[in-house]
Amino acid sequence: MVGYAHSPVTRHAGRPLGAVAVDTARAAIVDAGLEVGQVDGFVTSALFPTAGSHAVVDGESLVSADWLAAHLGTIPRYVAGFQGIGQIPGMVGLAVNAVASGAADYVLLHRALHNPTGRYHGNPMTTVAGAQQWTAPQGFFGPLSMIALPYTEYLQRYRADRDAMAAVLVEARKNGARIPWSYWYKQPLTAEEYRAAPMLSDPIGRFDCDLPVDGVAAFILTSAQRARDLPHRPVYVAGYASSPPPPRRLPLHWPLDDIMTGGAETARRLWDSAGIRPTDVDLPQVYDGFSPFVWFWLEALGFCPVGEAHRFIQDGGIDSDNPTALPALSGGGALGNGRMHGIPQMLECYLQLAGRAGDRQREQATVGVACHSSPHYGGAVAYTSEPG
Amino acid sequence: MTPTPTRPLPVPDEQSAPFWAAAARHILTVARCSACGLYTVPPDQVCPHCRTTDPAFSFEPVSGRGVVRSWTVVRQSFLPGFADQVPFVLVDVELAEQAQLRLIGRLLDGPDTALHAGDPVTVGFEDLADGVAVPAFTLAGPAGGVA
Ligand SMILES: [Zn+2]
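Heads up: the sequence lines are chains A and B, in that order.
Residues in the first sequence are numbered from 305 upward in steps of one, following our numbering.
Residues in the second sequence are numbered from 2 upward in steps of one, following our numbering.
Hints were generated in silico from the structure; no laboratory data involved.
The model shown is predicted, which means the values in this text are computed figures rather than measured ones.
One thing to keep in mind: the hints can contain errors.
[Claimed, not checked] Covered stretches of chain A (in silico footprint by chain B; criterion: 3 or more residues with CB under 8 Å from a CB of chain B, positions within the stretch not fixed):
1. 456–462
2. 550–557
3. 564–570
Here a beta-carbon is modelled for each residue, glycine too, at the ideal position from N, C-alpha and C.
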């Protein structure tokens, strides 16, 4: 990985998402010391992650790799979009394999996220066919109830308290408040503010959810050999893993046992692919689109014992200001940046391992892991500061 | 429950029609594979247990008894017809018939009901419109007979 660019993260950009994506892509290409014509691979995963009834329009609510290449005015050799869940590890896999196979020399990987007007997950359906016929008539709909169910299971099984989650939010927002492009720049959150916020789908409250935003990030990937001639210190993809197929369930039904059983397999695939162990990782960046994922990922990847993440974090286990702790949300995550869907985790690995984190630069970071989505329905990528 | 005709109504398809026909008569059925005899929620093209591509699922009546595995109190609704029904409780229920056979439905006992993992429940139904009912649950109490 040899360069990047990131747009501001705003509630509504005030410009078409596609235009923001083109600007961001051009900036990433310049950052990598390249020209548009040299970029011969385009990869994304363009999903618009909403349960709402919003129109899906390329260039407006999402930006496909084809759209971006066409609007940059270039004719790439390789264009691909990842269709599964765990969009970031899925598309990093596509980009890495394109470079490794020679299908492309320089791949631009991007993710464009859109916050539509109107309620993000609101849906005016009066009849429901297909898979949701089994759940929507009962009122089980959208991701808040989806994550609330395994969260309740966790709280019950491990006698944890919802108040313990305040430590996750305080940490995410502390770090997000230090990031100039974050929606939450200079806006930390206190535990009292967290606890005072309204409940949405118990035990999920307002601040347990990331905030939908307009934002685009782009990265340039190439071979280690070509990277030597480019201006920035490269960061290496050591391995990646997507989750195994989940068990057959009702739509959006994610029992805790599914999350942790599937997560164990995701972790095994990651360590096998990267040739590293959990103890090698000094920069784990766990996914946090909903706060309970922080607990689930820390446990699934073996950074703390199963059932202990709530105590581990309350005891300062992920405090980014403590050099002996695991800085699992040092990049602010989605809770501290906005709904950038796995980009904050990837970007933090890149910036820290490339030595480009500025005031936030960590002395010791050499091995990062960027997680996305759920441990059983997502994936993770391992990055290193030295070639493997 | 008061019928609320503006809630999303299920559109039965070829596979699900027997389920909704039975539900309208307040009978809970679950799809059972004709090859291996195991239940699946919801049915699929391929049986997730024996992987036959010709499962010929039949919807067979079940006891309607189960235990609560999880729950949430929904305070914000994203669908029509629920605005005047929040807060309401959704329960994740493991049915007595088969391990990990789980349904999600409303708990009809009210939003302030104290719940614990393992609480026994039994099926109930909400009538949404003429000939349309959806399964829900009520607490069965310790005498519910569920181990
Ligand atoms: Zn079968």
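Outcome, coverage hint (the segment 550–557 of chain A, chain B; C-beta under 8 Å; three residues): Contact hint for the segment 550–557 of chain A vs chain B: holds, 5 residues under 8 Å.
For the segment 456–462 of chain A, count the residues whose Cβ lies under 8 Å from any Cβ of chain B; is that count three or more? holds (count 4)
In terms of beta carbon proximity below 8 Å, does the segment 564–570 of chain A have 3 or more residues touching chain B? It is violated, with 0 qualifying residues against the three required.
In this structure, the one hint that does not hold is number 3.
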